Amino acid sequence: MTGSLVSIVIPCFNAEPYIARAIRSALEQTHSEVEIIVVDDGSTDGSLQVIQSFGQAIRFEAVPHGGAAAARNRGLVMAAGELVQFLDADDILYPEKIRLSLEQLGQTGADIVFCNGDKHSEEGGCERRFPESLDVSDPVPFTLFNHIPIQAPLHWRKNIELVHGFREDLCCCQDLQLHLDLACAGLKFHYFPARLYGIHRMRGSISAEDARRLDLQADVLWPAYRELQRRGQLTDSRARALAEKMAETARHTLRLGNTLEARAYFRQARSMHREGGLGVYSRSARLSYHLLGPTWTERAIQRRRGRSASRHQGPARRTPIVYLVHRDGLSPITPSVAAIPMGKLRRGGRRVSLLFFAPIGEGLRPSLKQRWREAEAQISRDFTGPLNKLWSPPSRFRAAWDEGATLSGWIRRNLGPRQPLILHCQSPMATRIGLEARRRLPVKVINYVLGLMYAEFRENTLGPSAHGLPGEMEGETRRLYDFEMEMALEADAVISISDAMTRFLTDRFRVPSDRITMIPCCVDTRRFTGDPARRKQIRDELGLQDRFVLVFCGGIRWWQLPEQGILVFKALKQIRPNAHYLALAADPPRMLAMLRAAGVAERDATVRRVTHAEMPGYLAAADLGLMTRTNSIASIVSSPIKFSEYLASGLPVIIHPNIGDYSELVQKEVLGVVVPHEADEQTLSSCLEPFLASYTASADLLQARCRVVAREQLSWDAHLHKLPALYDRLMSL
1 MTGSLVSIVI PCFNAEPYIA RAIRSALEQT HSEVEIIVVD DGSTDGSLQV IQSFGQAIRF
61 EAVPHGGAAA ARNRGLVMAA GELVQFLDAD DILYPEKIRL SLEQLGQTGA DIVFCNGDKH
121 SEEGGCERRF PESLDVSDPV PFTLFNHIPI QAPLHWRKNI ELVHGFREDL CCCQDLQLHL
181 DLACAGLKFH YFPARLYGIH RMRGSISAED ARRLDLQADV LWPAYRELQR RGQLTDSRAR
241 ALAEKMAETA RHTLRLGNTL EARAYFRQAR SMHREGGLGV YSRSARLSYH LLGPTWTERA
301 IQRRRGRSAS RHQGPARRTP IVYLVHRDGL SPITPSVAAI PMGKLRRGGR RVSLLFFAPI
361 GEGLRPSLKQ RWREAEAQIS RDFTGPLNKL WSPPSRFRAA WDEGATLSGW IRRNLGPRQP
421 LILHCQSPMA TRIGLEARRR LPVKVINYVL GLMYAEFREN TLGPSAHGLP GEMEGETRRL
481 YDFEMEMALE ADAVISISDA MTRFLTDRFR VPSDRITMIP CCVDTRRFTG DPARRKQIRD
541 ELGLQDRFVL VFCGGIRWWQ LPEQGILVFK ALKQIRPNAH YLALAADPPR MLAMLRAAGV
601 AERDATVRRV THAEMPGYLA AADLGLMTRT NSIASIVSSP IKFSEYLASG LPVIIHPNIG
661 DYSELVQKEV LGVVVPHEAD EQTLSSCLEP FLASYTASAD LLQARCRVVA REQLSWDAHL
721 HKLPALYDRL MSL
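The opening position of the sequence shown corresponds to residue 1 in this note's numbering, with each subsequent residue numbered one higher.
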């Protein structure tokens, strides 16, 4: 392996005093076949000038600030070597690092080799990182309890690509995430004791933020547990190790004074292993744990040690945010609008909890209990913080069941009666409960308006004939309209999902515009990518290798106009005879019946019901997206998440007019074609033909434009910053 090219990847952010030393250490390697790749992560000091001074000796690229993980991933894309060595800008490699690591790779046949190193302090001290011998026969527990610095291993690039590199949503714990992912993938680790790198701790650097590291560990542990389960490699010892690490994280979190998060981590530890991570406690403390629970046990331990955990002040003591969902926890949009953004905020250091008011019947009926287990598993993919549930009464008994008092009691027990906090309420019903709690406690209430209840009531209850309403129904519609207006006016802030919704709130409900923040229903563009491998896999499974696939995704209620969607497909098939209709529908039997009634041949349509986790693969298998809606106020103010997911997957969209802001966006950015309501098959063909000709001529450009618009206008990366800005503004009032 002496002739192997090794790429040394160095991310740099504001490391002007140190970056030259790191680059020189890479250039001084005794192994001759190396390339040095430096990615400047938007530095605002003189780092870039220092990097440029090395000229042709290195390759470098300057990118907007996105964090160390994004910079390392960019370096991987630039790398030409089969092997990769990572180096932080404030650290160094000793001259023999690459040569000796290559020798170990060749001699041992391991997938990953890592070595010892020195840890230097700013005061001039130096200590060895690891002992002379280590047992890494099972790398999963080893990586959990032994921090492997990012400089220590030498990697095959294919192995890093196998686990999809670094998670860019983590601001720290990136070394733990990568090494644990590699261990869970079944790769063989080998340790040799030579001291071949030096770590220099900078005050204020990412590696020094230990408090945040503790807060984010759970976001790494839970995905590892699920991955081992999926692979069938979750042994008892691995489950115990993961549970103990989770319990250790819970203990540290409890010492920071964050009781709610700590309880969630203890629950996760118990779900990982029957012992619940109790191995982190002494025998007497385990008895206390069983009798008193973790909170009082930890307080007793801290009191005995002469410290008060409740007085500890750290970065996790920021204002708590409770995201409140009322009777809508099983909705398919909850992962997108709640779990993903709140999970990202947690990983950014915010104290966020999810709280569901669930109908009491969902806790009694076995089928609904199973749906809750599935929903919680799906939510936990993106949100590993506290996930709490309170019961909501049947509608007929709601007047006798004070949900505001229930919420207030929960807040007092878990966060304290004097703790200021933000209630981020998903729907006017959740806002009503939040406002009741505001009368008792120091909370700020955000009304997250995902739709108009009164308009949806008319459509769902009365169907297409909802025009001349009987007096009783008109009265119920008016009651809902007045209720929504009251909630919007009483809340401390309002989040709308479209510019059209914002105009409605200001014009009809008279909500001051400075209290409204517009955030569309956003997509996670790291998940919906139009992955070519998944595209081939799904198309092979469905027998669609040579078909032009139009995908319809969603429910089939009358206002979603499924029959008109089928008519669009028939018009498409006149132009593209190889067209195929892929319906990802909530009610497959009804959709199949509609297709048969419309005369669509069985070979020309596939109907599936898929989970949100499976959706990216199926969208990747398609060529066009379809979105049909009625021309109603509910559609005009909407922000369908499926539109964003279509674009992120590289799918141009066939869309009806007046669907939120999106019909206009399709025309403005040329992202598909707008087709009229109530058009016949021939008219639809006339609308589609010029668009399809353009699409065929420049498919790659159109797909790329769809992805760019999704990333820049409809992703959480583009809009997430609005939430912490809103929270901070509210708490400053």
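Hint data in this document are derived by calculation from the structure and do not stem from the laboratory. In this text, all values refer to a predicted model and were calculated from it rather than measured experimentally. A couple of the hints might just be wrong.
[As the list claims (entries may be wrong)] Straight-line alpha carbon distances no greater than 16 Å define the calculated EDC-like cross-link-like pairs of lysine to aspartate or glutamate that follow: (1) 573 x 587; (2) 389 x 376; (3) 158 x 82; (4) 570 x 403; (5) 369 x 328; (6) 389 x 362; (7) 570 x 689; (8) 570 x 604; (9) 188 x 138; (10) 158 x 135; (11) 722 x 403; (12) 722 x 712; (13) 188 x 135; (14) 158 x 96; (15) 389 x 403; (16) 389 x 328; (17) 573 x 604; (18) 536 x 614; (19) 573 x 689; (20) 570 x 602; (21) 573 x 546; (22) 570 x 680; (23) 668 x 604; (24) 573 x 681; (25) 573 x 680; (26) 570 x 681; (27) 573 x 614; (28) 188 x 111.
Hint check:
1. With a C-alpha separation of about 24 Å, the suggested pair residue 573 and residue 587 falls outside the 16 Å cut-off, and the hint is violated.
2. Pair hint residue 389 plus residue 376 holds up; C-alpha atoms about 11 Å apart against a cutoff of 16 Å.
3. For the given pair, residue 158 sits about 7 Å from residue 82 by alpha-carbon distance, which is consistent with the 16 Å threshold.
4. Pair hint residue 570 plus residue 403 does not hold up; C-alpha atoms about 50 Å apart against a cutoff of 16 Å.
5. Between residue 369 and residue 328 the CA atoms are separated by roughly 14 Å; this keeps the pair inside 16 Å, and the hint holds.
6. Of the pairs offered as hints, the one joining residue 389 and residue 362 holds, with about 11 Å between alpha carbons and a cut-off of 16 Å not exceeded.
7. A distance of roughly 13 Å separates the Cα atoms of residue 570 and residue 689; the hinted pair therefore holds under the 16 Å criterion.
8. The suggested pairing of residue 570 with residue 604 holds, with an alpha-carbon distance near 10 Å, which does not exceed 16 Å.
9. Note on residue 188 and residue 138: the hinted pairing holds, with a Cα-Cα distance of about 8 Å set against a maximum of 16 Å.
10. For the hint pairing residue 158 with residue 135, the CA-to-CA distance comes to about 25 Å; that exceeds 16 Å, so the pair is violated.
11. Distance check on the hinted pair: residue 722 and residue 403 sit about 29 Å apart at the alpha-carbon level, beyond 16 Å; violated.
12. In summary, the hint linking residue 722 to residue 712 is supported, as the alpha carbons are separated by about 14 Å, within the 16 Å threshold.
13. A hinted pair counts as satisfied when its Cα atoms are at most 16 Å apart, and residue 188 with residue 135 qualifies at roughly 12 Å.
14. This hinted pair does not check out: residue 158 and residue 96 have alpha carbons roughly 23 Å apart, beyond 16 Å.
15. Between residue 389 and residue 403 the CA atoms are separated by roughly 13 Å; this keeps the pair inside 16 Å, and the hint holds.
16. Our distance criterion of 16 Å between C-alpha atoms is met by residue 389 and residue 328, whose separation comes to about 12 Å.
17. Between residue 573 and residue 604, the direct Cα distance comes to roughly 9 Å. Compliance with the 16 Å bound is thereby established for this hinted pair.
18. Between residue 536 and residue 614 the alpha-carbon distance is near 15 Å, which keeps this suggested pair within the 16 Å criterion.
19. Using a Cα cut-off of 16 Å, the hinted pair residue 573 and residue 689 holds, with the two alpha carbons roughly 11 Å apart.
20. Under the criterion of a C-alpha separation no larger than 16 Å, the hint pairing residue 570 with residue 602 is consistent with the structure, at around 13 Å.
21. Between residue 573 and residue 546, the direct Cα distance comes to roughly 14 Å. Compliance with the 16 Å bound is thereby established for this hinted pair.
22. Our distance criterion of 16 Å between C-alpha atoms is met by residue 570 and residue 680, whose separation comes to about 10 Å.
23. Using a Cα cut-off of 16 Å, the hinted pair residue 668 and residue 604 is violated, with the two alpha carbons roughly 32 Å apart.
24. Restraint check for residue 573 and residue 681: satisfied, since their Cα atoms lie roughly 10 Å apart, inside the 16 Å limit.
25. Proposed proximity of residue 573 and residue 680 is supported: the alpha carbons are some 14 Å apart, at most 16 Å.
26. Between residue 570 and residue 681, the direct Cα distance comes to roughly 7 Å. Compliance with the 16 Å bound is thereby established for this hinted pair.
27. At roughly 27 Å between alpha-carbon atoms, residue 573 and residue 614 are farther apart than 16 Å, so this suggested pair is violated.
28. For the given pair, residue 188 sits about 5 Å from residue 111 by alpha-carbon distance, which is consistent with the 16 Å threshold.
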